[in-house]
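J.: Now for the letters of each chain:
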Amino acid sequence: MVFSLVGGAIPSFKAFGLKFIVSGDWDPTEGREVYGALPFIAGTLLTSFAALLISLPLSFSTSLFLGEYYKGTRVARILGMLVDLLAGIPSIVYGLWGFYVLRPLMIDLGFGGQGFGIFTASLILAIMIIPYATSLSNEIIAMVPNDLKEAAYSLGATRLEVIQTVTIPTARSGIVAGYILSFGRALGETMAVTMLIGNTNRVPDSFFGTGNTMASVIANQFGEADGLKLSSLIAIGLLLFLITGIVNGVGKLIIKKMT
Amino acid sequence: MTQTIAEIKNPALSIRDLSIAYDKNYAVKNVTVDIKKNTVTAIMGPSGCGKSTLLRALNRMHELYENITTEGKVLLHEENIYDMSTIKLRRQMGMVFQRPNPFPTMSIFDNVIAGYKLNGNSLKKKEKDEIVERSLRDVALWDEVKDSLHKKGTFLSGGQQQRLCIARALAFGPEIILMDEPTSALDPIATSKVEDLLVKLKEHYTIILVTHNMSQAARISDYSLFMYLGELVEYGKTKNMFTNPKDPRTEQYLTGKFG
Ligand SMILES: Nc1ncnc2c1ncn2[C@@H]1O[C@H](COP(=O)(O)OP(=O)(O)OP(=O)(O)O)[C@@H](O)[C@H]1O
Ligand SMILES: [Mg+2]
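Protein chains in written order, with numbering that gives the first Met the number 0: chain A, 0 to 258; chain B, 0 to 258.
Bear in mind the hints are in silico, worked out from the structure with no lab data behind them.
Be careful, since some hints might not be right.
[As the list claims (entries may be wrong)] With a cut-off of at most 20 Å between alpha-carbon atoms, the simulated SDA-like pairs for lysine to any residue come out as follows:
(1) K151(B) - S172(A)
(2) K151(B) - P144(A)
(3) K256(A) - S121(B)
(4) K150(B) - R136(B)
Sequences and hints are given; from them, build the entire structure.
T.: Laid out in structure tokens, this is it:
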């Protein structure tokens with residue numbers, strides 16, 4: 000797969016060189032075709048990173064409740080099941096919900112335009128990775144050995160102190176890894192983002208404006224593309240593959256080191 | 000039941016009709032006993048007889064778990080421990096666990112003063128240094144670690160880790176130290192170091208020691224408590240119990256018939 004990606008991307012890299020990555024122009028007009036991946040790289044990183052930040056408070060507090068406060072109780076089991084259920088919903092369903100519920104809401108809230116854009120896409124991405132991030136960090140938090148926590152209690156610590164000085168520090172690298180993996184998942188998310196981001200092929204000028212991501216531009220334009228444009232899309236695919244590969248590799252490495 | 004309260008004046012701890020149940024299954028039944036000050040008191044008995052359950056009731060560890068109920072009283076300076084704040088109680092009752100469990104994210108130094116830190120006591124650097132040195136000297140670990148105080152405690156050998164955990168329990172200046180098979184994870188040399196230490200520590204502390212190991216009880220304890228199926232079968236001076244057990248079950252256990 001990597002070989003065919005590299006093979007397909009060669010014409011584009013030949014034509015544009017390194018400029019492919021740093022150029023913000025994407026113009027398919029015949030005669031002066033220029034393709035640069037920057038709008039999509041920027042859009043992908045921006046939406047994924049924003050999604051990560053937005054998802055953090057809710058997923059982190061939920062995982063603390065599941066893995067620490069309500070560990071082993073029925074509340075935790077039901078909530079945990081709900082989280083897993085949410086994680087299993089197909090992307091297109093989130094996309095539809097985003098399109099028909101979230102987008103009108105954005106218009107009503109006065110974010111302007113049609114409600115499409117980076118911010119809307121980030122929101123839907125955040126909602127999509129919350130269950131994933133929650134169940135990852137919940138598992139890690141629940142893994143903190145009981146006898147460590149008991150040792151802290153036996154020194155007269157309160158529950159909050161145990162969480163602050165034992166549970167979170169012990170689980171920290173695992174939690175970080177969980178969020179890195181969630182970030183990796185957001186990077187490659189396609190359907191829901193395509194439906195909400197606005198799909199404009201330029202470097203986004205504002206967080207609330209429209210944009211595009213690497214996965215979305217491929218999905219949108221692949222069908223009709225040929226020649227240099229096709230090669231450029233494949234090159235974007237290769238870049239996305241590399242970025243997600245690195246991100247996931249780092250995440251998995253940290254988790255492996257922990258256990 | 001048998002006459003289990005040996006004649007003890009000014010006991011360090013008076014346990015009165017203490018019963019403990021897991022989900023209504025009693026694991027400790029009506030235990031009444033006085034623990035003498037500045038002694039090592041061993042709790043012996045076959046596996047599953049309730050030794051750990053009894054010990055963990057004394058610093059109210061069971062209250063961390065919803066399915067455990069405790070009935071009866073335990074008097075410390077004439078005050079029922081179940082009417083005290085757990086924080087105040089646990090500062091007077093240090094606990095050492097079966098498996099050495101230094102906090103993995105903290106240095107040796109921070110492990111020793113963890114009790115102060117956890118309770119939000121801010122100390123001057125000089126006070127901290129003093130407490131750390133005194134506590135580590137108490138457990139005969141100072142010379143071995145004085146040059147690596149800021150390394151992680153988890154780098155130490157098992158025996159050193161266990162002595163570090165004892166230092167952590169001593170740092171707060173408790174009156175009583177509860178120990179649940181503190182040497183069962185250690186090799187013979189580390190075990191004998193910890194045993195020597197306990198004999199030395201009883202000058203200043205009262206030690207309650209759960210042990211599986213009869214020869215350990217014979218070597219270092221002054222009083223012994225023999226439990227069977229949740230009941231306290233026999234209690235008295237260790238010497239007397241080993242040479243002249245009163246109850247046939249004690250005799251059977253000591254001669255290796257069960258357990
Ligand atoms: N968390 C728990 N939930 C339910 N039952 C428990 C729990 N812990 C212990 N028990 C039960 O309570 C009884 C006493 O257990 P305890 O751990 O106090 O025994 P012990 O004397 O310390 O044994 P060992 O020498 O093996 O450590 C046993 O029958 C055990 O199965
Ligand atoms: Mg036990």
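J.: It remains to establish, for every hint, whether it holds in the given structure.
T.: Going down the list of hints, with the structure as the test:
no., hint, in the structure
1, K151(B) - S172(A), "16 Å, holds"
2, K151(B) - P144(A), "17 Å, holds"
3, K256(A) - S121(B), "34 Å, violated"
4, K150(B) - R136(B), "18 Å, holds"
The structure shown violates just one earlier hint, number 3.
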